[in-house]
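Peer 1: Next come the chains, spelled out residue by residue.
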Amino acid sequence: MNRILTSTLLITALAVSACTNPNRFGGDNMNGAGGLTGANGSIIPGSANDPASTAYFQQFIGDRVLFEVDQSSLTPAGQATLDGQASWLNTNTDYQAVIEGHADEQGTREYNVALGARRANAAREYLVSRGVAGHRLRTVSYGKERPIEVCSQEACYAKNRRAVTVLAGGLSS
Amino acid sequence: MILRLMSMCLALICAVAATAQAQQGPLRIEITEGVIEPLPFAVPTFQPESGDAGQMAVDLARVVSEDLVSSGLFREIPASAFISTVSDFNAPVQYADWKAINAQALITGAVSVSGNSLNVKFRLYDVFSGAELGSGLQFAGTIDGWRRMAHKVADAVYSRITGEGGYFDSRVVYVSETGPKDERLKRLAIMDYDGANVRYLTDSASIVLAPRFSPTGDRILYTSYESGFPRIYVLDIGSVQRRVLESAEGTMSFAPRFSPSGNTVVYSLTQGGNTDIYTMDIASGQSVRLTNTPAIETAPSYSPDGSKIVFESDRSGSQQLYVMPASGGEAQRISFGEGRYGTPVWSPRGDLVAFTKQNKGRFHIGVMRLDGSEERLLTASFLDEGPTWAPNGRVIMFARETQGTGGSSSLYSVDISGRNLKPVRTQEGGSDPSWSPLQN
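Sequence lines, in order, name chains A and B. The opening residue of the first sequence carries number 8 in the working numbering; numbering runs sequentially from there. The opening residue of the second sequence carries number 104 in the working numbering; numbering runs sequentially from there.
Calculated directly from the structure, the hints in this document are not laboratory data. Treat the numbers as computed from the prediction; the structure is a model and nothing was measured.
Okay, derived cross-link-like pairs now, DMTMM-like style, lysine to aspartate or glutamate, Cα gap no bigger than 20 Å in a straight line:
no., chain 1, residue 1, chain 2, residue 2
1, B, Lys463, A, Glu75
2, A, Lys166, B, Glu286
3, B, Lys463, A, Glu161
4, B, Lys463, A, Asp77
5, A, Lys166, A, Glu152
Kindly produce the complete structure, drawing on both the sequences and the hints.
Peer 2: Listed below in structure tokens is the structure:
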């Protein structure tokens with residue numbers, strides 16, 4: 008692929024993801040693959056109807072799993088999402104990922120950093136157990152520093168207790 | 104006229120009451136007894152002893168008064184109530200005039216300015232004993248450092264009356280916060296203990312957490328995400344030069360604190376999702392693992408003599424406080440009350456540990472003895488956390504976060520009897536305060 012085409016694709020991908028993903032953590036949580044397949048032949052690389060794109064991963068595979076209060080064990084729904092992530096990562100081997108662990112605001116700062124690390128690691132170990140090479144997966148914890156929901160109720164806390172698989176690489180690598 | 108009569112009556116009543124009080128003993132506050140009635144003092148404007156010292160004389164007396172009042176142990180008698188004035192620093196004090204307005208302590212001062220240098224003298228009088236308490240002191244410094252001179256006077260007064268060390272000539276490093284909860288910007292800031300002279304030490308490009316002073320107050324340890332992962336940095340306050348401490352690829356390090364010698368850092372290191380406590384020699388970068396369990400072990404803090412470390416662990420199934428030897432080894436659990444305990448900090452006096460407690464959906468700042476006895480909760484709110492000790496071990500500063508979508512964090516202080524809870528003035532929001540030792 009020549010350089011100009013690559014750049015064009017990249018710019019398109021960035022533009023599309025900028026439109027569909029107003030926040031850096033991607034769209035809403037959607038478990039399971041499916042939906043758009045690009046069957047009409049008009050796949051825009053990098054867009055959500057490109058199955059090899061970050062946008063597709065976020066929207067149709069689901070980039071995050073949620074946790075119970077003060078827990079780092081995976082729920083059945085979380086495992087199903089990670090099964091989808093594993094098979095996607097096993098198909099799209101250009102990508103690497105950083106798994107970000109997060110906690111809700113109910114907890115002291117240091118403990119929450121450590122708790123987020125446990126959550127990120129639980130997601131990572133599950134992906135590795137499903138065949139994703141360990142060297143492709145790093146983890147980081149943000150503790151309670153990066154909530155996506157700001158109310159002080161369980162409805163928000165539930166969404167903040169998460170491990171988010173953030174892709175790097177692919178087209179841009 | 105009526106007002107004047109009233110104030111004279113008040114003065115008389117006070118004088119009678121105070122005479123009774125004065126017979127009970129010398130000018131003294133026992134902090135441990137939990138002071139309910141602040142001690143009344145008068146601090147007339149200092150005497151300018153050089154032509155251009157007039158404003159400085161006013162400002163110094165004001166800051167001395169603000170310091171003492173802020174402790175909750177003292178109450179200022181307003182100048183409008185004064186019967187006598189002090190027009191000469193060396194003239195004899197008219198005790199009767201100060202007794203009449205119930206000023207139990209009288210602080211007089213004089214100030215002279217010469218170029219950029221400042222000279223401050225003060226005397227403290229026990230009005231009801233009719234004698235000077237301690238001898239006069241003199242401080243020399245610079246015009247720019249004038250607030251420190253006032254803090255030193257206030258520390259001397261506090262110290263002479265309470266028998267405890269002072270804490271006013273000290274600084275606080277903290278995380279300055281702006282922006283909404285989901286886009287919070289954080290940067291390190293340093294200020295005088297009372298919120299004056301704020302200086303920012305980092306920008307807010309990456310998350311910074313929990314700065315901690317070195318035992319000599321010249322360096323700061325903190326955690327930053329600037330590499331994309333939490334790592335520990337050591338920053339020289341004077342030069343604002345910083346460097347990252349060694350850490351292995353794929354690990355996260357955070358929650359650092361200096362040892363009392365200032366040569367070693369105790370901190371948490373996370374590897375493979377498991378968080379344990381390590382120490383590192385700052386000069387050589389050599390690290391030693393102190394705990395080795397699958398539990399979360401974090402928030403370590405040295406005893407003042409450097410022989411032990413208090414930390415939190417969830418090895419029992421929930422966050423609790425433990426004490427272990429500084430070289431690692433078997434740890435004793437010290438917290439046994441209801442709820443969860445975290446962020447323990449050893450008092451500089453060695454007698455107490457301050458902590459954050461979570462119970463029934465509320466957060467508290469509390470203190471307990473090192474064997475876990477005499478637990479005392481000092482605060483309660485939606486979210487209080489991260490206590491730090493004043494250099495004299497009598498006051499605690501912490502962060503309080505308010506609830507809800509518009510929630511924000513700010514600094515508060517409270518004394519160890521749970522009294523005198525009040526916000527600390529900061530320009531922006533604040534969290535993770537760390538109180539410096541007394542300055543030299």
